[in-house]
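Asks: Could you build all of it, start to finish, from the sequences and the hints given here?
Take a look at the letters that make up each chain.
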Amino acid sequence: MQIKGNVWKFGDNVDTDVIIPARYLNTSDPIELARHCMEDINASFAAGVQPGDILVGGDNFGCGSSREHAPIAIQAAGVSCVIAKSFARIFYRNAINIGLPILESPEAAEGINENDEVEVILDKGYIRNITTGCEYTAQEFPLFMRDLIAAGGLINYVKTKGY
Amino acid sequence: MGMTITEKILAAHADKGVVRPGELINAGVDLVLGNDITAPVAIKAFEKIGAERVFDRDKIALVPDHFTPNKDIKAAEQVKIMRRFAEAYGIKNFFEIGCMGIEHTLLPDKGLVVAGDLVIGADSHTCTYGALGAFSTGMGSTDMAAAMATGECWIKVPESMKFVCTGRPGKWVSGKDLILYIIGMIGVDGALYRAMEFTGDTFDYMTMADRFTICNMAIEAGGKNGIIPPDQQTVDYMTGRAKHDFILYVSDNDAIYHSIHNIDVSALEPMVAFPHLPENARPVSQAGDVSIDQAVIGSCTNGRIEDLRIAAKVLKGRKVNKKVRLIVIPGTQEIYLQAIREGLAETLVEAGAAFSTPTCGPCLGGHMGILAGGERAIATTNRNFVGRMGHPQSEVYLSNPAVAAASAVAGRIVSPDEI
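Keeping their order, the protein sequence lines are chains B and P. If you count the first sequence from 1, position 86 lands on 86 in this note's numbering, and the numbers rise without skipping. If you count the second sequence from 1, position 406 lands on 406 in this note's numbering, and the numbers rise without skipping.
Please note that a few of the clues may not be correct.
Below 27 Å or equal to it, Euclidean Cα-Cα: the simulated BS3-like pairs (lysine-lysine) are [what the hints assert, rightly or not]: (1) K156/P with K48/P; (2) K124/B with K85/B; (3) K44/P with K161/B; (4) K319/P with K171/P; (5) K171/P with K313/P; (6) K92/P with K44/P; (7) K124/B with K9/B; (8) K71/P with K44/P; (9) K85/B with K162/P; (10) K161/B with K48/P; (11) K85/B with K156/P; (12) K161/B with K156/P; (13) K110/P with K71/P; (14) K156/P with K124/B; (15) K243/P with K110/P; (16) K92/P with K74/P; (17) K48/P with K74/P; (18) K85/B with K4/B; (19) K44/P with K159/B; (20) K162/P with K16/P; (21) K161/B with K16/P; (22) K156/P with K159/B; (23) K44/P with K74/P; (24) K16/P with K156/P; (25) K316/P with K171/P; (26) K48/P with K159/B; (27) K243/P with K16/P; (28) K243/P with K92/P; (29) K44/P with K80/P; (30) K80/P with K92/P; (31) K71/P with K323/P; (32) K16/P with K159/B; (33) K156/P with K44/P.
Hints are computed from structural coordinates only; laboratory data are not their basis.
Replies: Below, the structure written as structure tokens:
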């Protein structure tokens, strides 16, 4: 799958409380969650994000709470893919489980800037910064996770096991 | 080549003789839990799977604790989804008002988690139960849904980091200070994807409450789980509570560790983590002049009876500073009642504290003590991220209950010895 979008860049340790503050967690409606995505660190994000846009973060992206509302809010906001130097483990699981594409690439996360236009070929882990011309390769997923991703997330994967 | 306690528990639950770090296993779970934020999302996902029944209705726990007593209509609707699900699938471990508690304080107290268990929970602080010598880790709602249907969960066997803690903790130094010190030492991603194993003679002096606090915050260093080898104290705690048999695992002498860290706990002083990351820990003597507007004593980190006893000891015969709002929140109904019986509730209320029914409430900026812009709180909770307790321009400082209580009296962050 090929993705193209403009970049919103964030720093290290972007926690799930800023991705979606707990004061909005009295609902699980994705559209409502998306309205408040990132608002405590970038108040213009939710209104400005365009379908297909790409989030780029530093180390430990998605740290903190296990709230799946965080990747749900990012996905519902229209973000096509998150690239980071590293992901906190629960966020990593949650993103894969719900089918939000994530790519781990310290080089790409370092080299890509706010507002750059970036192209991603997901199944190859290929990242190209159209603005600068730089190319990157993300870390490959283990085989089991590739199966999960191919199934469209954990629910579909479990379904195929006959539950 | 031996195995760590974490590896042994994972191997046992995957029906394997041996597991090694990096290996992906499918493990059977002893308990799956969720709260009023995560369970409704899990229930939706569970319905998408189309399973006719849950894998074992006695191995699921549903605990509405974050926004309870329901703070508004939306929160009430979320809990209604949980209640209906519990009724429909015959889940008796549904703990609502009157019998509820903060999940990670309640479930071990009820004996629903014991040594040797493998527990997954749709809450990041599920790692708390490592204090019993169990493997427990936080996941998301979809993982919870899949585990409710299948009774299994995929887990990548983590490498283990060993923290050898030696020496007797000094006055006012608790499990909270040790874990804040460790997070300060290794950083908020210092244990990313890894197990954190805490050992050493310091644990001869650490109560079960201290141990729960330590393992509770393993996630704040990015850890997959925190774990403390069970000893006589663990067995004493479980005796009379345990709802099923426990197994005591210990690490082999020749187990392989990612790294080993030695900590002289006798040299520690109470720690305070400054905004906006738990790794910004420094000794309270180096806190400087930080005035506060609010103090919160409670949460899954520090809402146990031992924590309330310390707070009451500090506050006995004293008054909370007029400029400070002190909120004390017992972790469970049982702790609440015990605090009344011991006279702690009276001491706290007389000192000028609000004494609340159990709830996560202010810890995550849910309700029951939200901060305005520019306000500062000292809290015995676990996170001090931007906006964690309310306004994005508010600040949270993390500490142990003694420091929080003393600071509530002084109106600024101080050691209990300073009041």
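Asks: If a hint holds in the structure, say so; if it doesn't, say that too.
Replies: Hint check:
| no. | hint | in the structure |
| --- | --- | --- |
| 1 | K156/P with K48/P | holds, 25 Å |
| 2 | K124/B with K85/B | holds, 18 Å |
| 3 | K44/P with K161/B | holds, 19 Å |
| 4 | K319/P with K171/P | holds, 22 Å |
| 5 | K171/P with K313/P | holds, 13 Å |
| 6 | K92/P with K44/P | holds, 20 Å |
| 7 | K124/B with K9/B | holds, 22 Å |
| 8 | K71/P with K44/P | holds, 22 Å |
| 9 | K85/B with K162/P | holds, 25 Å |
| 10 | K161/B with K48/P | holds, 14 Å |
| 11 | K85/B with K156/P | holds, 20 Å |
| 12 | K161/B with K156/P | holds, 20 Å |
| 13 | K110/P with K71/P | holds, 26 Å |
| 14 | K156/P with K124/B | holds, 23 Å |
| 15 | K243/P with K110/P | holds, 8 Å |
| 16 | K92/P with K74/P | holds, 24 Å |
| 17 | K48/P with K74/P | holds, 22 Å |
| 18 | K85/B with K4/B | holds, 20 Å |
| 19 | K44/P with K159/B | holds, 14 Å |
| 20 | K162/P with K16/P | holds, 23 Å |
| 21 | K161/B with K16/P | holds, 21 Å |
| 22 | K156/P with K159/B | holds, 21 Å |
| 23 | K44/P with K74/P | holds, 16 Å |
| 24 | K16/P with K156/P | holds, 14 Å |
| 25 | K316/P with K171/P | holds, 17 Å |
| 26 | K48/P with K159/B | holds, 9 Å |
| 27 | K243/P with K16/P | holds, 25 Å |
| 28 | K243/P with K92/P | holds, 13 Å |
| 29 | K44/P with K80/P | holds, 13 Å |
| 30 | K80/P with K92/P | holds, 15 Å |
| 31 | K71/P with K323/P | holds, 26 Å |
| 32 | K16/P with K159/B | holds, 25 Å |
| 33 | K156/P with K44/P | holds, 26 Å |
Hint check: no violations occur; every hint is consistent with the structure.
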